[in-house]
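J.: Sequence:
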Amino acid sequence: MAYYRRVGDVPPKRHTQHRTPEGGLYYEELMGEEGFSADSSLLYHHHIPSAIVDATPWQLPDVTTEANHPLRPRHLRLHELFPDEEWKRHDVVTGRRLILGNGDVRISYVAAGELSPLYRNAIGDECVYVESGSGVVETVFGVLPFRQGDYVLLPRATTHRWVPSELVRAYVIEANSHITPARRYLSRYGQLLEHSPFCERDLHGPDEPFLAEGEDVEVLVKHRGSRGITGTRHVCPRHPFDVVGWDGCLYPYTFNIADFEPITGRVHQPPPAHQVFEGNGFVICNFVPRKVDYHPLSIPVPYYHSNVDSDEVMFYCGGDYEARKGSGIGQGSVSLHPGGHAHGPQPGAYERSIGVEFFDELAVMVDTFHPLELGEGGTASEDEGYAWTWAGRGPR
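According to the working numbering, the sequence shown is numbered sequentially starting from 1.
Check each hint, because a few of them may be wrong.
Said to hold, decoys possible - Label pairs and their calculated CB-CB ranges:
#1 R266 to L211: 51 to 57 Å
#2 G340 to P272: 17 to 23 Å
#3 A122 to R188: 26 to 32 Å
#4 S134 to R233: 26 to 32 Å
#5 G392 to V136: 45 to 51 Å
#6 R266 to E213: 55 to 61 Å
#7 R188 to P145: 30 to 36 Å
#8 Y304 to R188: 33 to 39 Å
#9 E34 to A342: 35 to 41 Å
Bear in mind the hints are in silico, worked out from the structure with no lab data behind them. These figures come from a predicted structure and were not determined experimentally. All C-beta atoms in this analysis are idealised placements derived from N, C-alpha and C, irrespective of residue type, glycine included.
Kindly generate the complete structure, drawing on both the sequences and the hints.
T.: The structure is reproduced here in structure tokens:
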């Protein structure tokens with residue numbers, strides 16, 4: 001995180017006695033990244049945070065993938081994955097369906113209305129984009145309210161659960177690393193700089209501790225195993241939400257896409273101008289409503305491009321995406337444009353965009369630096385005809 005926060009009751013000096021009103025000791029936990037050589041926070045618990053009384057396997061949802069072979073662009077219709085009233089039976093954690101993934105990042109989608117179990121991702125940070133809906137995420141650091149358009153950033157190993165107040169549609173980006181604001185926007189000390197399209201005022205962390213009671217409480221843990229990703233069900237003797245205070249630079253937070261101030265120019269700006277976050281092997285960008293190129297001869301839609309190092313994934317979540325008109329892409333669609341294939345506007349979009357001054361579009365983009373494979377949710381929601389839409393006809 002870019003800046004320090006202090007919430008609740010913490011002692012004046014770290015690693016010193018911190019006592020309860022009755023005279024007992026609180027238990028200090030250091031939660032730190034990169035072997036305690038990067039961002040960290042200190043949490044003060046009523047009970048021993050490492051205590052468990054049982055550990056059993058947790059069978060994860062299907063996380064297998066298959067190669068994008070033969071190589072072709074893909075269109076996935078995510079809303080088809082949760083038809084009718086099916087969302088009422090799902091929660092944001094166990095209801096996820098994997099659509100795309102590689103060794104650096106996994107992208108899932110879920111529509112859910114149920115309270116999730118307590119959950120901890122021990123593999124990497126999670127960045128969850130809320131396509132629609134609202135509620136709160138209860139965490140060991142405190143409560144995070146969320147609403148439509150929020151990115152919810154959850155550091156690795158943060159115990160939490162999702163409490164929706166209505167139907168929530170969520171686009172889930174799970175890293176095998178930490179997720180941070182784009183480094184080009186940070187000073188060498190971690191402050192967001194003046195040319196950044198957002199600042200610390202736009203990031204919202206927990207404001208007060210959140211305490212819960214309970215005994216023999218289950219927590220689902222996603223973690224690394226000898227054969228890849230696996231899961232364990234821990235039972236804690238006391239509720240893990242027992243933190244009376246914490247301080248540091250590592251904590252969950254939200255950032256709403258409406259607070260992103262787009263960078264524009266006289267001619268078309270390349271995708272890095274839209275970047276918001278990054279992790280090892282991938283970046284996250286967002287395309288928001290904005291004034292577009294103002295050179296007298298500008299062509300506002302993207303030029304055709306071969307991003308030779310990346311697979312490009314676009315999640316279309318609002319407005320009317322000008323460059324994709326005529327392709328079948330709409331709200332809730334994902335396009336995958338793989339490295340090795342040139343892509344760009346649909347036929348006619350190039351010409352139609354000339355003279356346009358404003359784009360009313362909303363999309364979240366993930367660019368990866370290793371090829372993406374298809375998960376079961378991607379295969380189940382694919383529009384088989386998308387690859388041929390630039391040519392206007394399919395294979396012979």
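J.: For the hint 30 to 36 Å, verify it against the beta carbon of R188 and that of P145.
T.: Cβ of R188 to Cβ of P145: about 33 Å, so the range 30 to 36 Å holds.
J.: In this structure, is the beta-carbon distance linking R266 and L211 contained in 51 to 57 Å?
T.: holds (54 Å)
J.: Is it true that E34 and A342 lie within 35 to 41 Å of each other by Cβ?
T.: This hint holds: roughly 38 Å between Cβ atoms.
J.: Should the hint that G340 and P272 are 17 to 23 Å apart at their CB atoms be regarded as holding?
T.: Because 20 Å falls inside the window, the suggested range holds.
J.: Verify the CB-CB distance for Y304 and R188 against the hinted window 33 to 39 Å.
T.: holds (37 Å)
J.: Cβ-Cβ distance between S134 and R233: within 26 to 32 Å?
T.: Given range 26 to 32 Å: holds, Cβ gap about 29 Å.
J.: Please check whether R266 and E213 have a Cβ separation lying inside 55 to 61 Å.
T.: Given range 55 to 61 Å: holds, Cβ gap about 60 Å.
J.: Evaluate the given range 26 to 32 Å for the C-beta pair formed by A122 and R188.
T.: Hint holds: Cβ distance 30 Å, inside 26 to 32 Å.
J.: Evaluate the given range 45 to 51 Å for the C-beta pair formed by G392 and V136.
T.: holds (48 Å)
When the structure is compared with the earlier hints, no violation turns up for any of them.
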